[in-house]
Amino acid sequence: MKPTAFEYFTPSTVQEALQLLESQGDEAKILAGGQSLVAMMNFRAARPEVLIDINNIKELDYLKEEGDEIVVGALTRERTLEVSPLVKEKCPVLAKAITHIGHLPIRFRGTIGGTLVHADNTAEIPIMAMALDAKMKIAGPSGERVLKASEFFLTYLTSAVEENELLVEVRIPTFDPKTTAWSYVDIARRSGDFAIVAVASILTLNTKGVCRSARIALGGVAPTPIRAKEAEALLTGQKITDSLIEEAAIKAADEDNVDPDADYHATAEYRRAMAKVLTKRGLKEAWTNFEGSN
Amino acid sequence: MKIEGTYTFKVPQQKVWDTFNSVEHLQAALPGCQKLEETEPGKFDVFLKIGISAVKGKYKGKFEIADSQPPNSYKLMGGGKGLPGYVKGEAAISLAQEGEDTILTYDGDVQVGGLLAGIGQRMIGGISKMMLEQFFKNMDKELS
Amino acid sequence: MSGEKKKWVGTSYKRKEDMRLLTGRGTFMDDIMLPNMKHAAILRSPYAHARLLDVDISEALKAPGVIGVVTGEDVKQESKPFPCGVTIPTKYYSCAVDKVRFVGEPVAVVVADNRYLAEDALDLIEVDYEPLEAVVNIEKAIEPGAPVLHENIGSNIYNHRFFKYGTDWDTVCQEADEVVKWKFNFPKYAGSPIETYGVIATYSPYDKAYVVYNNYQGPFVNHALTAMALGIAENKMRWIIPTDVGGGFGCKTGIYPYCALMSIVAKKTGVTVKWIEDRREHLMASATCTDRVTYMEAAVRKDGKILAFKDKAMDTTGGYIRAPEPGCAYRSTGNHTGAYDIRNVDREVYIVATNKGLTAPLRGYGCQELYFSTERITDMAAAKLGMDPAEIRFKNFIQPEQMPYTTATGGYYDVGNYPAAFQKCLDLVEYDKMREYQKKARAEGRLVGIGLASVTDPSVTNIAYVAIGKTVEERKNERDKSGSGEAAIVKVDPLGGITVICSTNPQGQGHETVISQIIADEFGVHPDDVVVDSVVDSSDRLYSITTGSFSSRFASSGTTSIVKAARQCIEKANKIAAHLLKVEVEDIVFEEGKFFAKGKPEKAINLRHIAGAAHWNQSNLPEGMEDAGLFGTSMYTFPTSQPPDDQDRVNSSNTYGFVAEAIVVEIDQETGQVSFLKWASVHDAGTILNPQIVRGQVLGSIVGAIGGSMYEEQAYDENGQCLTASFADYLCPTAMEMPKVDVDHFESPSVLTALGSKGAGEGSSMSVPPAIGNALADALAPLGAVIDELPMTPSKIWHLIDKAKAKTN
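Chains as they are written, first to last, in our numbering: chain W, 10 to 303; chain U, 11 to 154; chain A, 1072 to 1880.
These are calculated hints, taken from the structure and not from any lab test. Hints are not guaranteed to be accurate.
[Unchecked claim] Only pairs whose alpha carbons sit at most 25 angstroms apart, straight line, appear in this in silico PhoX-like list of lysine-lysine:
1) U:Lys68 to U:Lys45
2) U:Lys91 to A:Lys1133
3) U:Lys98 to U:Lys68
4) A:Lys1133 to U:Lys68
5) W:Lys11 to U:Lys59
6) U:Lys70 to A:Lys1133
7) U:Lys12 to A:Lys1211
8) A:Lys1254 to A:Lys1211
9) U:Lys68 to W:Lys11
10) W:Lys11 to A:Lys1133
11) W:Lys260 to A:Lys1874
12) U:Lys25 to U:Lys53
13) A:Lys1749 to A:Lys1511
14) W:Lys260 to A:Lys1876
15) W:Lys11 to U:Lys91
16) A:Lys1466 to A:Lys1495
17) U:Lys70 to W:Lys11
18) A:Lys1376 to A:Lys1254
19) U:Lys12 to A:Lys1874
20) U:Lys68 to U:Lys91
21) U:Lys98 to A:Lys1211
22) U:Lys66 to W:Lys11
23) U:Lys12 to A:Lys1867
[To be verified] Listed next, the stretches of chain W that the computed footprint assigns to chain U, with coverage defined by at least 3 CB atoms under 8 angstroms from CB atoms of chain U:
24) 46-54
25) 162-171
26) 269-279
[Stated by the list, open to error] Cβ pair distances, simulated, as ranges:
27) W:Ala242 to A:Gly1767: 52 to 60 angstroms
28) W:Gly201 to A:Gly1767: 20 to 28 angstroms
29) W:Glu68 to U:Glu152: 43 to 51 angstroms
30) A:Ala1852 to W:Lys248: 38 to 46 angstroms
31) U:Asn31 to A:Gly1341: 55 to 63 angstroms
32) U:Ile62 to W:Gly201: 19 to 27 angstroms
For glycine and all other residues, C-beta sits at the position ideal for the given N, C-alpha and C.
Go ahead and model the full structure; you've got the sequences and the hints to work with.
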């Protein structure tokens, strides 16, 4: 299908973009990588009357280290993050998760900001944002505000970014791979497809192999990516063993906020079962890789 | 697609019943409702502008309140058609007093057709439920 | 004599098509630009079943850039329903007239300056639908109370027939030691060519004639039936297919209603109209294979001999039935018993209406549905008897000394050695070693399975099979239908260049290349110098109702007529050579492209010289030769293409190959995901014309069949909504999903075709779904779970395992 007609603007600063959002009203959509929006437009499922193309806003494309955070401009391409030495060194689980995003050409266009605002509950970067407790800086007519990941994702395909606001920056906590076990696993119908269920695991360990803190984020089992808080609590303060991993996996699949959908590709029971299987496999993989490297 | 659930109003049952039968309150609470007109008792013409993310659409439709058993239950049936497709649904709504609260129970079926059925299938159940919850939340505001 | 020395045929001569295709210089439908061409968009029904009360186009007509709008009313005035070979055809028009019967059925067409504006105008068309209850389940569709789709038929039964061959079932069962029975479900999936449908139509009111560019697979039935629908003489519709078509896989065969639709649109709007189908339209409303419910039974002796097959097969062709259906059920008549010597067959066939998309002869056409049931039941019989599935197959194969073999259902197998070819497959997969591996894996609790399939591969359809849809009595009142003709013109121009024109067009199979190789061998020239015209133009070549690229016919039928035309040409050249060299024709030797008198090779003349004589000195032709020039023509039809007999036996195809698959799988018990550990595929396609091209065909049919078995499905919800209308949900396997396959060949040259080749295009499409079914079933056997449907997705497999484990707990 062909999209409907739209007016097209190419602001070169954030201020210009915000002004346009204000003046053009709720029929305006931001165009970043276009990997979600343009597909929707070509189906005529999305019919924005105005497209504000932010790809020229240079001030949104940056990637740097600040203290114990990696600070990323919203327009940074997924591919940039995937191959960045900084990300590979200080937050390798993010780089790994990004390799699961679609196919290479998609990652050359897709942006970290775009995928976060699109807020698909199976998308890799939103899942990682939940796992890492990333912080999102949003610019609007009355200034800037910062939201935690848990406040940022509201429901299916809905982030807290209002219609007259622009996500401008993402702050991602770094970790020390020498004391952190991590993994990103998913299950999809084909290589490069949207995940049916995905699990990100990050375990901080002390010198005796005891888990000081655990982060387990699940995608595809609720309207937004979620954290398996009870499973995390089970692991915290414990030595990681196979049976503990098994317990945590069972717990993760059974938590209150796990409410999978059903569709043609997989039943709700299957998704719930995969939450358990992937949590188990993800934790095992994280632990095995960690032990292997130490 | 079957949808079911409950919602608790901290308000006596009769008040909930009356609000759920009032055109004025229904129009205010229905998500994206631009116009709601009672053409015959219990039958309504409705214009909605709803959607999720960039997928928004204008829908023109009808719904009716049937099998009304005040102040306990009724059946809501309706549907609308828009460019993204059509939506058809029916739900049995029942109220029960529990102490100071009224528990609303809904049990229904949503059918989606056209473009939406082909591309958003995974989320239809969840999104329908979510919109219904939004409707109840709005009604809650109307009740206070 | 020419053609004996095969210098080029049989080699992997590099494909001529590739350079232009890989550098973007192909000519596809969308590359064709005609003057003052406008663009069409189609409004399609969002309902699976509804009455069409009103189509209000008034607002659409006022939209910017709109030239005109055509509705079902116009189509009804301008055309008749498409004919179809069933007793009561549906009133199938190219646009919905009184009702819509599947999601995606055309309801109106807008023509505008460009596709964007046309789609904008579609949004302004107000359609008043009265939704009706829909039915998508085949068995539910024929239950009393089911919503009836076609009032003129009065029920949802498009076709219903009984067939009995050999000894009756009950008598056979008395002799049998076991009767194995099961119900199978075969899914509905498509071919997904990269290039979707496309049509450009123009109408000349002065000649009252149409020119229709399209990307169909030949003229085949579509040209004649489109002309019949429009009520015009066939020669008043010029049918042009461009040089390149981006894949067909059968979905561009059968009735392609858009040729008729756009012709009517061109006539009503007075402009040249181009319509290019988008992917969503293609996935909803082009064509798929039929889905089928089969109640399958096999009566077996305890030594493994299958005495009889009995089946009740229920197909659905969707909201309408269109030619060449009911072929879905009858194309496989001749090879119903496959590679096995089974003399007794009992069949009941239903073809049923449901509110789903329509069908066409998808790659495999009816055989994957058939073999899924017969090969699964064969494995089930083996299991019941405690036999290895390879052993039961060896017990039942038709033996090479029985060739030529006429099947119980009328198929004529001319040549083949099934036991040897099957053994070759077992050796290639290292069968005994794999069974050992499986034993060890099972001891570790792993789910490893080995699936076999051994099937005959029919190619070159005899159109007589369509008549099987009607009873013997009904057929007596009609004219016979039969044949498999394919035409070729081989011509040599005044300067000696050779050009070949065929009655069919390729969709990527490499015909141009293979034809060049054949002509190079026949004429002793270099294949680079042969020109093949891949365009099909109904006005400048021979063609017929049977000509087209379907049922893998090019390799057997197409090549035979090309060889015959070439040899006609050479025979004439011999006569001219004799005349020029002043010797008798018997004394002419034709070797390495040169004609000379026996014993005098130094006085040789070449083709250019001969052509020169034939063209430039036309008064000096040999005695009795009336025609100047140098050319040969043929529209060869196999003598084995006869009408059905009074016992409903028909040789539904002309050449029969053989395919054996052996697939080793492992199922991840926790996730239901399947890995392919080893895969051997052995094909007998007769003489191999170009090994690289055949390998491409084999791997292509394997990937397509993996798709249908595990990923692809045109799926509907219970209200008839299409759930897989984009590639996000209709999942074609990618390179990442393709396993490593060891392919090998077993050549038993056909005695019916000029080069001994048989069809190679469909083979694994038919054998892979049963082999995967058998492999998964074997893997799950320790759990007692049964595979009886496809596609087997991880979620489905997981549920089977979960259920089986729950039972044992």
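Evaluation of the provided hints:
no., hint, result
1, U:Lys68 to U:Lys45, "11 angstroms, holds"
2, U:Lys91 to A:Lys1133, "23 angstroms, holds"
3, U:Lys98 to U:Lys68, "15 angstroms, holds"
4, A:Lys1133 to U:Lys68, "22 angstroms, holds"
5, W:Lys11 to U:Lys59, "22 angstroms, holds"
6, U:Lys70 to A:Lys1133, "22 angstroms, holds"
7, U:Lys12 to A:Lys1211, "21 angstroms, holds"
8, A:Lys1254 to A:Lys1211, "15 angstroms, holds"
9, U:Lys68 to W:Lys11, "19 angstroms, holds"
10, W:Lys11 to A:Lys1133, "20 angstroms, holds"
11, W:Lys260 to A:Lys1874, "22 angstroms, holds"
12, U:Lys25 to U:Lys53, "21 angstroms, holds"
13, A:Lys1749 to A:Lys1511, "16 angstroms, holds"
14, W:Lys260 to A:Lys1876, "21 angstroms, holds"
15, W:Lys11 to U:Lys91, "21 angstroms, holds"
16, A:Lys1466 to A:Lys1495, "16 angstroms, holds"
17, U:Lys70 to W:Lys11, "24 angstroms, holds"
18, A:Lys1376 to A:Lys1254, "21 angstroms, holds"
19, U:Lys12 to A:Lys1874, "24 angstroms, holds"
20, U:Lys68 to U:Lys91, "8 angstroms, holds"
21, U:Lys98 to A:Lys1211, "23 angstroms, holds"
22, U:Lys66 to W:Lys11, "17 angstroms, holds"
23, U:Lys12 to A:Lys1867, "21 angstroms, holds"
24, 46-54, "holds (count 6)"
25, 162-171, "holds (count 4)"
26, 269-279, "holds (count 5)"
27, W:Ala242 to A:Gly1767: 52 to 60 angstroms, "56 angstroms, holds"
28, W:Gly201 to A:Gly1767: 20 to 28 angstroms, "24 angstroms, holds"
29, W:Glu68 to U:Glu152: 43 to 51 angstroms, "44 angstroms, holds"
30, A:Ala1852 to W:Lys248: 38 to 46 angstroms, "41 angstroms, holds"
31, U:Asn31 to A:Gly1341: 55 to 63 angstroms, "57 angstroms, holds"
32, U:Ile62 to W:Gly201: 19 to 27 angstroms, "24 angstroms, holds"
Violated hints: none; the structure is consistent with every hint.
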